[in-house]
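A.B. asks: For reference, the chains in residue letters:
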Amino acid sequence: MKVDIRIGLVTISDRASRGEYVDRGGPAMLEHLRSHVGPSWTPVVRVIPDEQHIIEATLIEMCDGEGCCLVVTTGGTGPSARDVTPEATEAVADKMLPGFGELMRQVSLRAVPTAILSRQTAGIRGNSLIVNLPGKPSAIADCLDAILPAIPYCIDLIGGPHLDTISDITAFRPPEGGSSHLASGLAQEESSS
Amino acid sequence: MKVDIRIGLVTISDRASRGEYVDRGGPAMLEHLRSHVGPSWTPVVRVIPDEQHIIEATLIEMCDGEGCCLVVTTGGTGPSARDVTPEATEAVADKMLPGFGELMRQVSLRAVPTAILSRQTAGIRGNSLIVNLPGKPSAIADCLDAILPAIPYCIDLIGGPHLDTISDITAFRPPEGGSSHLASGLAQEESSS
Amino acid sequence: MKVDIRIGLVTISDRASRGEYVDRGGPAMLEHLRSHVGPSWTPVVRVIPDEQHIIEATLIEMCDGEGCCLVVTTGGTGPSARDVTPEATEAVADKMLPGFGELMRQVSLRAVPTAILSRQTAGIRGNSLIVNLPGKPSAIADCLDAILPAIPYCIDLIGGPHLDTISDITAFRPPEGGSSHLASGLAQEESSS
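Line by line, the protein sequences give chains A, B and C. Note that our numbering has the first sequence beginning at 1, numbered continuously upward. Note that our numbering has the second sequence beginning at 1001, numbered continuously upward. Note that our numbering has the third sequence beginning at 2001, numbered continuously upward.
Cut-off 30 Å, straight-line C-alpha distance, at most; resulting in silico cross-link-like pairs (BS3-like, lysine-lysine):
1. A:95 with B:1095
2. A:95 with C:2095
3. B:1095 with C:2095
Hints are computed from structural coordinates only; laboratory data are not their basis.
Only chain A is shown next, with the shape it has when bound in the complex:
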């Protein structure tokens, strides 16, 4: 029996949600994940405005209702008054993973000094990983390239389905495989450093 793997893609933009723009962030996330994440999975797509309660409700629906093991967002992570994606992510998450935002800002800093204005973060809700990606399509690719190697093992650890990476990106799992406990590490060999 095959597990139906579902990945949520949420574009957060007042203008895209009103149809004033063609959403380019959502398709950029979809294309990049299609090329780099396997086995086959079903995308669950939303385009919503920059309203915190709508973002929260959508993230909850994606995780709890749609059963997405991974939910990526684009938009709403800057310093503007309407940018509330990180606040919504934190509000619905059981725990935060600050390392994602740190690494994405570091990668984006190589391209633009304004990368420090991004408030991108990531968090766990139940068996789902939520990651805020940038709004800009080219920055989405850079950030996904940096974080994708860690995502399959993260989803193992939170009880999600077995994802893998394809193409030029390589998912990393500790030598002992999915049964080990990253943080306690007591079951792990010292082989990886």
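Once you've looked at the hints, dock chains B and C against the given chain A.
C.D. replies: Below, chains B and C alone, put in the same frame as chain A:
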């Protein structure tokens, strides 16, 4: 009609506020900003003790009362019991910008391993950006050099006046200029990475 | 009269606390600290399960009861549901030191891309510094090597005993010594950058 641009400079130090020390952090911030930020602006200067409620009241006055688009602080970001500048900043901010602290610590780490003890951060209050700088004058310059390229665009995004950088530092704004939405990025070309 | 310096070592692992595993994280921390931190000190060791209230009570006992100037933990910092060490640390800390987690993730990223899944952090409680180390023994050494140079000065600043580093790691203290105020830096020369 010219906009009166105001920048707040707050020295936070029990001893400087009692006159036991000559404040060197405040003048260091002033000199560095004078040399690197244009067009002409008016400094609003305060020297206050390490009391959280006084720091909070001063930051609020700088942002809401004095109309400073940028407020920089020096002092009070270490691990000591009296160091409460980050707590005060977070208490008055609408949203936090963790990328500033991350980058400033990275830059300071090149000079001293104790840079990880610094709890510097940054946040937005209304149309104002608040940034905690280190207490040490030489570290102030290093940190400002690293973050200044991102500050004018940040102030654009939060509805402040048009700042620019002068001298050897170059403000970065995305090609589409001040009207674009950093986070949604839906209006942006893929030209910058 | 000699001060009795005490350092707490807390292994946080359901399985180690039940005796299903031999605790390897605790001994790895002890061995590394023994080789790199002086003068002589007394270890205070605990092995406890991944229960937030037990972790909090243990950290409080280590800081307030046992008088440990430094408490290091291993385990419980990953994304799994049972990983709650950072939450417990934040709950008992007076102030957080985000620079420790940032640097430890950066160092661990050189070995494994899954380092971004670690939620390690550090905080101050009274006169004690609490630092979350990874669960994996080899990663413990890498992280301690990175942060140890900053720890003696941190403990000076929070009113703890005078620690020093031995062997190949060098504790860094600003030229003016323990009386200076890292954050205000008003007493400091500009000599270190």
